[in-house]
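**Student:** We have chain A already, so just place chain B on it with the hints.
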Amino acid sequence: ETGVTQTPRHLVMGMTNKKSLKCEQHLGHNAMYWYKQSAKKPLELMFVYSLEERVENNSVPSRFSPECPNSSHLFLHLHTLQPEDSALYLCASSQWIEGNEKLFFGSGTQLSVL
Amino acid sequence: DQQVKQNSPSLSVQEGRISILNCDYTNSMFDYFLWYKKYPAEGPTFLISISSIKDKNEDGRFTVFLNKSAKHLSLHIVPSQPGDSAVYFCAGSNFGNEKLTFGTGTRLTIIP
Numbered sequence: 660e661t662g663v664t665q666t667p668r669h670l671v672m673g674m675t676n677k678k679s680l681k682c683e684q685h686l687g688h689n690a691m692y693w694y695k696q697s698a699k700k701p702l703e704l705m706f707v708y709s710l711e712e713r714v715e716n717n718s719v720p721s722r723f724s725p726e727c728p729n730s731s732h733l734f735l736h737l738h739t740l741q742p743e744d745s746a747l748y749l750c751a752s753s754q755w756i757e758g759n760e761k762l763f764f765g766s767g768t769q770l771s772v773l
Numbered sequence: 149d150q151q152v153k154q155n156s157p158s159l160s161v162q163e164g165r166i167s168i169l170n171c172d173y174t175n176s177m178f179d180y181f182l183w184y185k186k187y188p189a190e191g192p193t194f195l196i197s198i199s200s201i202k203d204k205n206e207d208g209r210f211t212v213f214l215n216k217s218a219k220h221l222s223l224h225i226v227p228s229q230p231g232d233s234a235v236y237f238c239a240g241s242n243f244g245n246e247k248l249t250f251g252t253g254t255r256l257t258i259i260p
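Going line by line, the protein sequences match chains A and B. Heads up: the first sequence runs through residues 660 to 773, numbered per the working numbering. Heads up: the second sequence runs through residues 149 to 260, numbered per the working numbering.
So that you can see chain A by itself, here it is in the shape it has in the complex (with noise of 0.2 Å):
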């Protein structure tokens, strides 16, 4: 128990519909990150939240939407998506402080879109 908390933690979804991820950190931390990781590809950076302000959006198309209500939670809103966007997406929390944080991450999201 890394004490980052995802759900769903599988998601079947058609190219038209619109869901969300979710998840919630238990560590005290104030920054918040959603990662993806497709099959034989590292593992990519989407977004940063840190104080519950986006800090980074590294060029994720706009059907990828987050949110980010405090620092607890964070949120990816999911709509008319691709085959191409199945891939486990991963949610990490870090503490938010110069220099190198470690990340925690939660067991993922495991999304397949058809």
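Keep in mind that the hints were calculated from the coordinates and are not lab data. Take these hints with a grain of salt, some might be off.
Once the Cα atoms are required to be at most 35 Å apart in a straight line, the calculated DSBU-like pairs of lysine-lysine come out as [claimed, not checked]:
{"id": "1", "chain 1": "A", "residue 1": "Lys-677", "chain 2": "B", "residue 2": "Lys-247"}
{"id": "2", "chain 1": "B", "residue 1": "Lys-202", "chain 2": "A", "residue 2": "Lys-761"}
{"id": "3", "chain 1": "A", "residue 1": "Lys-699", "chain 2": "B", "residue 2": "Lys-216"}
**Tutor:** Structure of chain B alone, referenced to chain A:
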């Protein structure tokens, strides 16, 4: 352009022997490196890190070596145990930047 490369997608090692996982990087601005370990159906977990001011960091059975001139780091696990079977990700970053750049991972299998 992949800034962090793990050229071996998989590695098999006999239990009790040394496992050596390699990682190369191209970004000369990186000054901090981390190794994460990932079991199936779980998120990656932090294993060990090293700052560029050091060339070695040890934590129990795990040692990370950094060769800055070669832009190469390696993770040594000795002795290897069956519970070490997992995917290992190398990551780099530069000071003050929270963004970690990950490699593609190496799947380590420890053979009993």
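**Student:** Next step is simple, just say for each hint if it's right about the structure.
**Tutor:** Evaluation of the provided hints:
1. Between Lys-677 (chain A) and Lys-247 (chain B) the alpha-carbon distance is near 29 Å, which keeps this suggested pair within the 35 Å criterion.
2. At most 35 Å may separate the alpha-carbon atoms for a hinted pair to count; Lys-202 (chain B) and Lys-761 (chain A) meet this at roughly 18 Å.
3. At roughly 26 Å between alpha-carbon atoms, Lys-699 (chain A) and Lys-216 (chain B) fall within 35 Å of each other, so this suggested pair holds.
Checked against the numbered hints given earlier, this structure breaks none of them.
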